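Asks: Please model the entire structure based on the sequences and the hints provided.
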Amino acid sequence: MTNPKQTTDLLSRRRFLQTAGVAAGATVGALALPRAADAAAAPMPKKWDVTTDVLVVGTGFAGLAAAIEARDAKADVIVIDKMPVPGGNSAINGGDFGAAGTQMQKALGIEDSPELMLKDMMKAGAYLNHPELARTVAEQSAAALEWSQTYVGAQFDRVNFHGGHSVKRAHQTVQRSGAGLVTKQLEKARALGAKIELRTKLVRLVADKDGRIVGAEVRRGYKFPDEASGTPAFIKARKAVVLASGGFSNDVKLRQMYDPRLTDQFTSTNQPGATGEAIMAACMAGAMDLQMDWIQLGPWTSPDEKGFGYVPQFVERVVGYGLMVDPATGKRFFKESGNRKERADAIILLGHPALILADSTNTTKMVDPGQLKGALDNGSLRKFDTIEELAKAYNMPVDVFVEQVKRWNTYVEQKKDPELDCLIFKDAVPNVTPPFYAARLWPRVHHTMGGLAINKDAQVIGFDLKPIVGLYAAGEATGGVHGAVRLGSCAMADCVVFGRIAGKNAAKQAAWG
Amino acid sequence: MLVNAIGRAVPALLALLLGAALSLPASAAPARNAKAAPGDCAACHKAEKVLPAGHPATKGMKLDACAQCHAPKSEQALGGKLPGMHLHQLRGIGCAQCHGDLKKPTEVAHDKCMSCHDTAKLVEKTANVKPKNPHTSPHYGKDADCNLCHHQHAKSENYCNQCHKFEFKVP
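Keeping their order, the protein sequence lines are chains A and B. Numbering-wise, the first sequence is residues 1 to 513 according to the numbering used here. Numbering-wise, the second sequence is residues 1 to 171 according to the numbering used here.
Keep in mind the hints are simulated off the structure, nothing from the lab. It cannot be assumed that every hint is accurate.
As the list claims (entries may be wrong) - List time: in silico SDA-like cross-link candidates among lysine to any residue, alpha-carbon distance up to 20 Å:
1) K132/B - Q175/A
2) K236/A - K406/A
3) K130/B - N378/A
4) K406/A - N378/A
What the hints assert, rightly or not - Some chain A residues near chain B, calculated using beta-carbon distances under 8 Å:
5) Q175
6) S177
7) A179
8) T183
9) P303
10) K306
11) F308
Please read all numbers here as calculations on a predicted model, not as lab measurements. Positions of the beta carbon are idealized from the N, C-alpha and C atoms, including for glycine.
Replies: What follows is the structure, given as structure tokens:
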């Protein structure tokens, strides 16, 4: 392979947009053709510091799934992560893995199928999902879960509900955190001989004259977020680069490019390194991005604790059992079992935090004791001996609120909500037993649905609408799987399914040099 | 050159030996002298007053001697009150023992810390710290890099608090 060049210097769509300020739709076509051929050549690195077959960017679910599969296919693998800790958001997520038609579901008498999961994903995604990508996730979800259990060694012990799904299909790790899977993946990847390099940041991809990705420029010893830190190095990827670098929920500047409403007034549930430079680096190398405007806010975070916190694991467990009200009126205002976007939008429209509550019977049945204790200890969840006391604590009109709770309890008995059509579970009981648990809710930026365009083989698509040779992507760095709204628990499924595909195909790619 | 390579934020060496409230000096970090003997503040800090008035002379002292007044776990304990390198220095652990060849010092990797410190013992030692044991977590197990929290040339930080609200005192 002769005369590779660093693709940063190409006239990329992104740079063009930034300088010319034109609308994307009108200009993409015109920019698609000249991308590699006409660009000024950047010098080939004088030498590659390291050579591997497959370079994976990111140590979350997707990156490590790719690393494990690539190692199993006998490829040499280096995995880099810019942060000083491994796992990215995967290490701090809630540990719910959406999968359809699993043994665990069958054992619980839950009837489910990949078709139903796909239907739920598409409906929530406002049918903007790329159907073949969503279908791939739904169809391979059960196998991906089984691989995570039997091959990787993660343990899952319950099946949860998340808003927007038709049935309970979120298989949760015993740790109640994605760490339960990602730490096992890390162990597995290391045991298989993948080299894991933390604090190594992707700066830009290197492509040859035909636009094939041949490696990357990185900074080793990088100290987030100091962009001048670390030492430059070039990693040669003989077969392929897999981008599994996550989303950009914590990149205020970038997310405001797509959704100007998401100012720094909105905090995020994500780890601090959830910023978008790797996606941008891919775009500069000719990759296409899509649906970047769809940025999800989680409707279940509490303003009374930081980050993701404990409260989401209370809220999502009591949805379909307890009720959510507007404390200003003491009345329900939105379907508790609605999807994330519907609920977050409804709360933001209130203009102040909402309140969710459930009684002792429903709470202790549904909520993990460790999560419950965590939320009570940090004050984000409170408990009250009476409904009246709860009403007063949040300055609600007592009579109206008491009536609302009674009305909700009759719906729970009938298992039907004629007011707002909330899904009510068969085992839900009227909320009458003290103590009553309550938490305030205010949304946080949680997931970026958009990202790099990929096909069902996890190949990244360029602006000529053809796969970029030598570049794969998986997980939150990609777009299209979830459309407008990602359903809870579908991130783990997406990451593991497409991470595995990316790893397998990267290892199969013919080496360039 | 060593000085520039290793770090920039070195507060006054023994400013806190008395156990008075911490006040890192506003002045720039002094040039670092790799040959400074433990307790010899002036070797780096020159004429700068880094000890409170009336503090006993420290020249020639090592950490054990400091501990006679600054008893560990007491109000006067030094941990958390001055950058960790001073504690290492007072134990006789000089620059070279962590950074290697001082003409070309290297960044200290986690494994280097582990060549003296024992993770398992550390986890056990802090088992009863509230609200959580800081040396083991569901997210990163027992293998988190010491330097996430325990900085040697800058004020330590509580890495957990990016998301949590754990009121740890971080030495």
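Asks: Mind listing which of the numbered hints don't hold for this structure, in increasing order?
Replies: Numbers 2, 4 and 9, in rising order.
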